[in-house]
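Novice: Below are the chains, spelled out letter by letter.
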Amino acid sequence: MDFLTPLLGGMALLGDPMIWLAVAIGTVFGVVAGAMPGIGTTLAYGLVLPFTFVMPPEIGVAFLLAISVGVGYGNSIPAILMGIPGNPAAILTVIDGFALHKRGESGLALGISFVAALGGQIASILMFVLLVVPLMGLAYHFSFPEIFALYSFGIVALISLAGDSIVKGLMAAVLGISIGMVGLDPINMVTRLDFDLRELRSGIDQVAVVIGLLAIGELFRSARQVFLWEDVTKDSVGNRFPAWSRIRPAVPAMATGTVVGTLVGAIPGAGATTAAMISYQAAQVMSKKPEEFGHGSIEGIGANEAAQNASNSGELIPTLGLGIPVSGSMVLLLAALTVQGFVPGPLMVINAPELLFAAIAGLLAASILLLATGWSMARLMLKAVQLNRQVVLVLSLAMIVIGVYATNTRVFDVVVAMVAGCLGYVMLRYGYSTAVAALGVFLGGEFERSLRIGLNMNNNSFADFFSRPITLTILVCAIALLAIGMRKQMQTRHRIRAANESAGPTTEQNRTKT
Amino acid sequence: MDRRFDIMVALGFVALGLLIIWQATLIRSGMMRDPVGPRAAFYLCGGVLVAGGLLITLRHWLAMRAGRGRLADMEGTGDTEGHPASLKRPLLLIGCCLAYAALFQPLGYLLATPPFVLAALAALDQRRWVPNLAIALGFTLISYAVFAIGLGVRMPHGPLTAPFRALGWISL
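In order, the protein sequences belong to chains A and B. Take 78 as the starting number for the first sequence in the numbering used here and just add one per residue. Take 37 as the starting number for the second sequence in the numbering used here and just add one per residue.
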């Protein structure tokens with residue numbers, strides 16, 4: 078496949094009115110979800126996942142990716158106008174955007190955010206295509222040992238980069254893998270860990286567990302506090318779109334954010350927040366006015382917003398190119414495709430290139446729709462923040478329950494999702510990454526299967542299995558990444574300890590607050 | 037973060053690891069032989085959970101013995117600042133959810149959902165009963181229309197099965 082084929086395929090899909098309808102609904106839903114603090118892409122995916130099961134796969138993919146684009150733009154609105162970050166990635170937008178808003182320059186902040194979000198999104202689609210096509214070419218060299226190595230790399234990378242504690246990350250991963258392996262043994266077909274329950278003989282439903290861990294766990298955590306979003310501040314937007322001459326100085330920062338966002342987004346566990354942080358720092362280093370960062374810098378907003386949106390395309394590179402989902406939302410995207418009968422892995426998109434075309438169509442169409450309607454939506458989205466937070470939480474929960482039930486029409490899956498939600502709540506509170514656990518659930522079965530079938534294919538010899546060049550290279554990279562993660566964690570520990578020692582008694586108060 | 041709670045969670049993972057190892061010993065070997073076998077992966081996963089849980093427990097225990105106090109830096113997701121948090125609410129909500137899951141089949145979707153929404157809203161300190169009832173009924177009817185009628189999902193109807201069948205609204 079050459080570089081033009083996916084682009085042309087994506088554009089050809091734009092001729093289908095159903096794609097436009099799905100993307101329009103997805104984009105509006107994404108903007109509304111993004112505008113509601115605490116509802117990020119993963120939770121938004123969790124809410125609508127059941128609807129994708131009845132859609133043709135390409136429309137489902139376009140629909141979900143349109144939601145990502147909408148969330149990326151929507152979360153900047155409360156960040157700028159109310160100082161509330163819709164999700165962690167928008168924290169830096171709050172710093173500069175809210176400062177501009179308080180100076181009476183809401184229009185400038187929203188305008189920069191609008192241009193950066195769309196520019197970053199559209200430019201990153203091209204980068205996505207440029208990077209995913211060579212990755213797909215590699216897939217022909219992948220057999221069971223290489224797939225095992227690849228899954229090991231994905232899980233190790235997520236453990237090393239996503240959380241504060243490697244031990245807790247590892248525990249989350251093996252918990253997920255254990256859940257993923259319940260059911261029939263891939264070689265002998267004997268049942269394993271089924272606790273004599275008929276429902277568990279063919280395994281635990283992955284979608285129910287993943288939604289429970291990622292979405293229900295987060296809703297339970299949010300239920301700890303009762304407040305209204307609109308209580309924080311009650312300002313309104315009354316400014317016009319800024320002139321191009323005011324936006325132009327932020328363009329280099331937006332370009333930096335786009336490149337950083339796409340590349341960092343492709344790294345497992347990094348995601349939009351890390352992409353936004355790195356591009357913000359890079360833009361500050363390159364800026365002629367670094368002193369403005371943190372006090373209403375348009376370059377800061379531009380870099381941050383472009384990076385967040387570009388990371389949507391970046392996350393798709395390993396997800397579609399190699400079949401390794403790099404974030405919670407990508408796990409859900411692949412879960413949706415699994416329900417449709419696709420097998421995640423390096424050959425998935427080669428066997429079904431329409432998924433790649435649909436991804437491009439979804440990102441492109443959502444960007445075009447936002448270009449046409451995004452500015453006027455900003456004003457409307459202020460109403461979303463006025464919704465009752467508690468009602469949104471409860472109805473989201475009810476929606477997820479009906480969605481999980483609808484997947485297989487089994488009440489048992491609802492119970493599984495609830496139990497996984499309780500587990501997810503505890504894990505979220507105590508630093509065990511639910512994204513890593515979800516990835517483990519999703520890859521666990523294939524992980525073991527590729528090891529054991531791979532060994533069978535290599536004369537049951539571990540030496541033959543692990544000495545294959547690509548397998549060895551990927552596993553060495555995984556070990557190196559684990560070492561980097563452990564070093565990073567030790568450095569962070571030393572820094573925190575040094576800070577605590579120098580801070581003295583006040584530290585105890587800070588700890589109590591957390 | 038209170039070290040004692042983190043220890044309790046870690047010990048919970050130790051117990052889970054031991055359960056996995058115990059259950060793995062009950063797996064039959066099967067006819068086919070391979071160097072890994074059907075139990076090894078579970079032994080490894082259970083072992084990591086046990087070892088990791090014990091390591092976290094030991095680390096906190098040593099820190100408390102060294103006089104660093106019961107409080108440690110937060111490793112998980114914290115609460116939004118400026119609003120009081122309570123464990124009671126998520127526990128009540130979890131209770132509502134488990135009761136909902138238990139009643140979903142015997143009562144059916146239409147009869148189980150409104151009480152669940154009302155109880156969950158009450159658990160989150162929303163006690164304006166009339167709007168809450170309107171939200172509960174509105175959500176139940178709209179979601180039923182979307183899933184059961186629009187998407188053709190076979191929802192449980194509980195005691196309403198016979199009257200709905202008599203009316204010809206459901207065929208099975």
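Simulated from the structure, these hints should not be mistaken for lab results. It should be emphasised that the depicted structure is a prediction, and the values quoted were computed from it without experimental measurement. A few of these clues could be false.
Stated by the list, open to error - Only part of the chain A face toward chain B is listed, based on derived beta-carbon distances under 10 Å:
id, residue
1, 131
2, 362
3, 363
4, 364
5, 470
6, 499
7, 544
Said to hold, decoys possible - The calculated label-pair distances, taken between Cβ atoms and stated as ranges, are:
id, chain 1, residue 1, chain 2, residue 2, range
8, B, 106, A, 557, 31 to 41 Å
9, B, 106, A, 546, 45 to 55 Å
10, A, 212, B, 65, 47 to 57 Å
11, B, 58, A, 457, 51 to 61 Å
As the list claims (entries may be wrong) - Now the stretches of chain A that chain B is said to cover, found in silico as 3 or more residues with beta-carbon under 8 Å:
id, stretch
12, 298-305
13, 479-486
In this text, a Cβ means the ideal position worked out from N, Cα and C, and glycines have one as well.
Novice: Hint by hint, note whether the structure agrees.
Specialist: Here's how the hints hold up against the structure:
Hint on residue 131 (chain A) holds. Least Cβ distance to chain B is approximately 5 Å, under the 10 Å limit. Look at residue 362 (chain A): its Cβ only gets to about 29 Å from chain B, farther than 10 Å, so that hint breaks. A least Cβ separation of about 32 Å between residue 363 (chain A) and chain B goes past the 10 Å threshold, and the interface hint is therefore violated. For residue 364 (chain A), the interface hint is violated, the least distance from its beta-carbon to any beta-carbon of chain B being 30 Å, above 10 Å.
Residue-level restraint check for residue 470 (chain A) holds (minimum Cβ-Cβ distance to chain B is 7 Å; threshold 10 Å). With 10 Å as the threshold, the beta carbon of residue 499 (chain A) comes within range of chain B, its nearest partner Cβ sitting at about 6 Å, so the hint holds. The restraint placing residue 544 (chain A) at the interface with chain B is violated, with a minimum CB-CB distance near 15 Å, outside the 10 Å limit. In this structure the hint that residue 106 (chain B) and residue 557 (chain A) lie 31 to 41 Å apart at CB holds, the actual value being about 37 Å.
Distance hint check: the CB atoms of residue 106 (chain B) and residue 546 (chain A) are about 52 Å apart, consistent with the given range 45 to 55 Å. For the hinted restraint 47 to 57 Å between residue 212 (chain A) and residue 65 (chain B), the CB-CB distance of approximately 39 Å leaves it violated. Our hint of 51 to 61 Å for residue 58 (chain B) and residue 457 (chain A) holds, since their Cβ atoms are close to 56 Å apart. Coverage of the stretch 298-305 of chain A by chain B holds. Counting CB-CB distances below 8 Å, 6 residues qualify, and the rule asks for three or more.
Only residues whose beta carbon comes within less than 8 Å of a beta carbon in chain B count, and the stretch 479-486 of chain A has 4; three or more means the coverage holds.
In summary, the structure is inconsistent with hints 2, 3, 4, 7 and 10 from the numbered list given earlier, while agreeing with the others.
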